[in-house]
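**Student:** Spelled out, the chains give:
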Amino acid sequence: MDMLLLAELAINGVFIGLMYALVAAGIVLIYKTSGIANLAQGALAMMGGYLAWAFSALTGFPIWIAIPLALVAMFLIGTLLERFALRRMVGQPIIMVIMLTLGLEIMLRGVLPGFFGSAVKRLDIGIPPTPFFIGDIFLNKATLIGGSVSLLLILVAIYFFNSRLGIIMRAVSDDQSAAWSVGIKVERAIAIAWGLSAVMATAAGVLWGATQGVDWSLSLLLIKALAIAILGGLDSLPGVLIAGVIVGLAESLATGVLDPIVGGGTRDVVASVIIVLTLLLRPHGLFGREHIERV
Amino acid sequence: MFYRRAGIRHTRYQDERQIWPLPFDRRLALLIFLLAIFAPLLIDRLYLVSYLLPWVIWSTAALGLNFLMGGAGQIHLGYGAVIAIGAYASVHMVRAGLPFELAMIGGGLLSAAVGMIFGATALRVKGLYLAMATLAMQYIVDFVIIQFPAISGGTQATLQVPRVSFLGVEVTGDLAPYYVALLICLLVTLFMLNLRRSSFGRALAAVREKDYAAAVIGVNTFRYKLLAFWVSSFIGGVVGSVLAVCYYRAISPDQFHLDLSIQLVAMVIVGGLGSVLGSFFGAALILFAPILLNQFFGFAASELGMTISTDLRSHVPLMLYGAMIVGFLLWEPLGLAKIYANLRNYFLVWPFRHARQ
Chain U
13 MDMLLLAELA INGVFIGLMY ALVAAGIVLI YKTSGIANLA QGALAMMGGY
63 LAWAFSALTG FPIWIAIPLA LVAMFLIGTL LERFALRRMV GQPIIMVIML
113 TLGLEIMLRG VLPGFFGSAV KRLDIGIPPT PFFIGDIFLN KATLIGGSVS
163 LLLILVAIYF FNSRLGIIMR AVSDDQSAAW SVGIKVERAI AIAWGLSAVM
213 ATAAGVLWGA TQGVDWSLSL LLIKALAIAI LGGLDSLPGV LIAGVIVGLA
263 ESLATGVLDP IVGGGTRDVV ASVIIVLTLL LRPHGLFGRE HIERV
Chain L
578 MFYRRAGIRH TRYQDERQIW PLPFDRRLAL LIFLLAIFAP LLIDRLYLVS
628 YLLPWVIWST AALGLNFLMG GAGQIHLGYG AVIAIGAYAS VHMVRAGLPF
678 ELAMIGGGLL SAAVGMIFGA TALRVKGLYL AMATLAMQYI VDFVIIQFPA
728 ISGGTQATLQ VPRVSFLGVE VTGDLAPYYV ALLICLLVTL FMLNLRRSSF
778 GRALAAVREK DYAAAVIGVN TFRYKLLAFW VSSFIGGVVG SVLAVCYYRA
828 ISPDQFHLDL SIQLVAMVIV GGLGSVLGSF FGAALILFAP ILLNQFFGFA
878 ASELGMTIST DLRSHVPLML YGAMIVGFLL WEPLGLAKIY ANLRNYFLVW
928 PFRHARQ
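Quick mapping for you: the protein sequence lines, in order, are chains U and L. Quick note on our numbering: the first sequence kicks off at 13 and runs consecutively. Quick note on our numbering: the second sequence kicks off at 578 and runs consecutively.
Treat the hints with care, as some may be off.
Covered stretches of chain L (in silico footprint by chain U; criterion: 3 or more residues with CB under 8 Å from a CB of chain U, positions within the stretch not fixed) [to be verified]:
#, stretch
1, 649-660
2, 835-846
Derived list of chain U stretches under chain L, where covered just means 3 residues or more per stretch with a C-beta under 8 Å from a C-beta of chain L [to be verified]:
#, stretch
3, 96-102
4, 212-222
5, 284-294
It should be emphasised that the hints constitute simulated quantities derived from the structure, not laboratory data. Backbone N, C-alpha and C fix where the C-beta goes; we use that ideal spot for every residue, glycine too.
Can you make the complete structure from the sequences, with help from the hints?
**Tutor:** This is how it looks when you write it as structure tokens:
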């Protein structure tokens, strides 16, 4: 195995990992504020991609208007989901809430391709398809730009947690009733978290849509995002960045190194193996808080 | 009125502890049992093979999953993988010359072993993490089955099931597979009905409600969670072998993908967590609703002149599953079983509503 190929795989893997991490950041955001793992995050990313495509292709807006439109629409959809579905489940066992988000995922995966058509949609956000070379290393421009934008957005999210609204959300995640008693509107904080998470999902959907086209397979981002969120620790945003890079690297190297040996398909199983290993060795992830439960 | 309780006085404890204390329920159960036995005489062969047989098999699978999710409160998103292990293991055993009865149990045992490994991984953590561990199990098992030609018979390949006999009866034609599936379904149903009357079932219920509290009163939670995984995966494995031999007759990896797991979870939720009857209702609704809706779309397209794209029609099952899971969780979290129970309670004292407690 020559070093050049390895370097190429590694660099592409890092940027792809950062793009996965953007989806995972949405999961972490919701988990941090409301303690729910949102299994519909992949479907929300798909929905964001579909909406951006629909605004630009069906209504004829230029892409730089269509994307902000999709972001705003998804923010509204996220808050509405929280208001009309998740809030009714407060106090129900966690198994019910997980199933509800899984139900949303399944439904969106049927509704969007069903109504918009299941063929792959091309989403052109103005990235030229020409490859990009550093020395002899071949890099994909869409992945490079996507990874950079993701990194920027996650850094913004980390910074956001130090703003006033972010401090409110941290208070809510620490102790909901204590936050309530000092006058924080807990419901509003959670609703905003859902909206922001849907916005991040949309950004991820658009970036992925630009690299591989928009279709139902965008919802498969869920399993990679879950692997990243668990490896990084479900309540740690910086953890998402590092875990994203690890998962992206592992996946890319596995594809390049193991696929020729076992005959393909390792790409999809790396994330699952990482989930199982993390749960075996360090269930709260690299940077997550260890959860202490009392009767 | 229908479910008459008036005038029924239990004078012994064991009368009251029967599975069905009311005579009407007993007669209803007997009637359904007889209908199931004589179904081949009553309905067309086509309906028997393409509707009743899958319903019986999927109900058994839903019962196995409901045991874990409703009985022990452990979430499992990879039950399709458990069924796949049972199916592949038993088909390979049958092809190696083992009798079908032994292969069925062998498939169950292998499923139970693998299922327990993943369960044990996740039992240090729970709820949320368990969901992810089992989801990962689905992908890993899929990968292993597809990538190892020794298991799947090569990529994209199907594995033919040879002719087998069950308890001396050859499992061919339309009737024998139905009765084999019915027998397994009956056994699992009896097990599930009696579960809550046993100490095992009560321990699982304690673990389900709050595992730490159960540990405080002396229930070994780790052991019971592991046992729940073992039993549920065993049932899944047996269902897998029944599914392979009696229904599919040639198995390929894509029959056991995540879609099957989602279907089963939807059956359990729609039917009602922890309810035996609900598993049957849920299986019926999830299996037949997309077919009915598709037929309605076909009718609408041909008779009413509506144009419905093929994309839409092919995605109707997913929409329905998702909408039903979300709808039931929001409006009737205990599912169809609860709706039936409400009806039953209404008719118990009909028309004297004020007498209802």
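**Student:** Within the stretch 212-222 of chain U, is the number of residues with a Cβ closer than 8 Å to a Cβ of chain L three or more?
**Tutor:** violated (count 0)
**Student:** Has the stretch 835-846 of chain L got at least three residues whose CB is nearer than 8 Å to a CB belonging to chain U?
**Tutor:** holds (count 4)
**Student:** If you count the residues of the stretch 284-294 of chain U with a beta-carbon closer than 8 Å to a beta-carbon of chain L, do you get 3 or more?
**Tutor:** n = 6 at 8 Å, threshold three: holds.
**Student:** Examine the stretch 96-102 of chain U: at least three residues should have C-beta closer than 8 Å to a C-beta of chain L.
**Tutor:** With 3 residues in contact (Cβ-Cβ under 8 Å with chain L), the coverage given for the stretch 96-102 of chain U holds.
**Student:** Taking a Cβ-to-Cβ distance below 8 Å as contact, does the stretch 649-660 of chain L have at least three residues touching chain U?
**Tutor:** holds (count 3)
Going down the numbered hints, you'll see the structure goes against just number 4.
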